[in-house]
Each structure stands twice: as C-alpha cells, then as structure tokens.
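Those protein sequences? They're chains G and Z, same order as listed. Residue numbers for the first sequence, in the working numbering: 25 to 190. Residue numbers for the second sequence, in the working numbering: 20 to 93.
Simulated from the structure, these hints should not be mistaken for lab results. Be careful, since some hints might not be right.
Computed, partial: chain Z to chain G, Cβ under 10 Å [stated by the list, open to error]:
#	residue
1	W47
2	Q48
3	R49
4	T51
5	L52
6	D54
7	R61
8	F73
Derived DSS-like pairs: lysine-lysine, alpha-carbon spacing no greater than 27 Å straight-line [said to hold, decoys possible]:
#	chain 1	residue 1	chain 2	residue 2
9	G	K32	G	K101
10	Z	K23	G	K32
11	Z	K50	G	K67
12	Z	K23	G	K90
13	Z	K23	G	K51
14	G	K63	Z	K23
15	G	K140	Z	K50
16	Z	K45	G	K163
17	G	K90	Z	K50
C-beta: ideal position from N, C-alpha, C; glycine also.
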Amino acid sequence: MNISRLKKFTLATLLAATFFTAQAALKVGDRFPDLNGFKLEGKLPDALKGKIVIVDFWASWCQPCKESFPAMNDLQKQYGDQGLVIIAVNEDEEKSDMQDFLKANTAAFTVVRDAKQQLVAVAGIQTMPSSFILDDTGKVRFTHTGFHGTETRKEYGQQIEALLKK
Amino acid sequence: MRLKQIVLLTALAVAVGSLTGCDTVKPWQRKTLADYTMRGDRDPIGESIADHIFFSREMASGGKGVGGGGCGCN
C-alpha cells in the first residue's frame, strides 16, 4: 500500500476515534437539549418556555447530592412562584436506589430518571452533582459542579435573581 | 494486491478501534467506587497499625492516600 495513503487512513481513524470518545460538556451559552427527546422516566413539567430552569444531575450514592436536596427544596419554595422550575435528573443504574433515596429525602421539585444515561452523556457531566441554570429561552446561563453547602446555595440564589430580573 | 489492501485496512481499523475499547468509569457510574468499603481510610485502627509497620520497617510515616472514596463527588 502507498505509504501516504496509509498515513492518511491512520490519521482519519485516529481523529474519528477521538471524536467518538471525547464528549464535550455543555457550557454557558449553549442551548440545553430538549428533555423530551431522552425518554426520561417520570413526568416533565408541561411548559418550560419562559421559565428559569435548573437541571440538576444526581445519584443516590453521591453524598453531596444528598446535601443539595434541602437547598433545592428551599430554592423551589422561594422562587417557584416567580417562575423557577427545578428538574432533578437521577442517574442511578438501579431504579430502586432512587426510590429508596426519595423515601428518605423529600423532593419538592420535579424528579425524573435518565434510565439509559443518555442525557448525562450528552451533557458531558464530569462531577456529581452537576447542574445547569437555564434562562427563559433554554440557554445555559450558569453551571455548577459539586455542591459546597451554603456557598453554592448562595450562588444559586444570586444567579436565579439575576435571571429573574431580566 | 487488492485483497491484501483490504485485509491490511481491516486489520488496521480493528487495531485502532481496539485502542478505544478501554473505557473509563463514567462519573455517573461510580456507585461501587463511592461505597464506604472502597475508602482507604475506613479503618483507623488498621491505619495506625500499618503506619507503625511502615515506620518501624522503613522509617516512613504518612504521605499516603487521599481523603474520600472514589466517587469523585465535588
């Protein structure tokens, strides 16, 4: 075989392999994918247009996720009337893990399950929990990785208020 | 010659493809790694005994391990 053709072929294959293995995370300014396209288990809110949405990825085995639940309940209570919708996307491989967790931890917001773990892959999550705050047009305006107690809670509040003012 | 090329190309594609066959555990698949039993520091008495052995045998103390389990949370 011609050496230059072999080189081109190898390069193309390597580039293709890199493309398929590297999944870039969603970043600020990106449009968040349509949640209806991922066959999530559970009922999504009817209309998200015009709402400020927090999409939070969590799992039952993740301690900081557990710590974030009271803060999320608090945020939903405080800003729900003003148009905040929190959608917590569960990533447990076993549904019973999620159910057991929810029995012990109250969630006053929407919880859906990404059973096929497709949405989390598209979002390119690197840390659990991770969340995205979307503006009323569905664009990512803020991202959070991990949950660091009152510090994160305060940031959420400031960012939601900034979006609600617009 | 044509057959040789096809065989070579296929072998190369398989070889390169298998390189990407090694996969890492995704951040959302770390349930087992996040388990308490996966923590290196879950047994304080065992830790101190091991430390004592290292110190006695190797004059080495501390500087090992990191906090937390393998869940990569936060």
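Holds or violated: are the alpha carbons of Z/K23 and G/K32 at most 27 Å from each other?
holds (18 Å)
Status of the hint placing Z/R61 at chain G (closest C-beta pair under 10 Å):
violated (14 Å)
Tell me if Z/W47 is really an interface residue toward chain G, meaning its C-beta lies closer than 10 Å to one of theirs.
holds (4 Å)
Against chain G, with CB atoms and a cut of 10 Å, does the hint on Z/R49 hold up?
holds (7 Å)
Measuring from the C-beta of Z/D54 to each C-beta in chain G, is the shortest one below 10 Å?
holds (7 Å)
Given the hinted pair G/K90 and Z/K50, is their Cα-Cα distance within 27 Å?
holds (14 Å)
Verify the proposed pairing of Z/K23 with G/K51, using a straight-line Cα cut of 27 Å.
violated (46 Å)
With a cut-off of 27 Å on the C-alpha distance, tell me whether Z/K45 and G/K163 pass.
Distance ~25 Å between Z/K45 and G/K163 Cα, so the pair holds.
For the pair we were handed, Z/K50 and G/K67, check the Cα-Cα distance against 27 Å.
Given that 27 Å is the threshold and the Cα spacing comes to 25 Å, the pair holds.
Can you confirm whether the C-alpha distance between G/K140 and Z/K50 stays at or below 27 Å?
holds (16 Å)
Hint validation: Z/Q48 versus chain G, beta carbon distance must be below 10 Å. Holds or violated?
The hint holds - Z/Q48 has a Cβ within 10 Å of chain G, the shortest such distance being about 7 Å.
Close enough to count: is the Cβ of Z/L52 nearer than 10 Å to one in chain G?
holds (9 Å)
Hints 7, 8, 9, 12, 13, 14, counting from the list given before, are not met by this structure.
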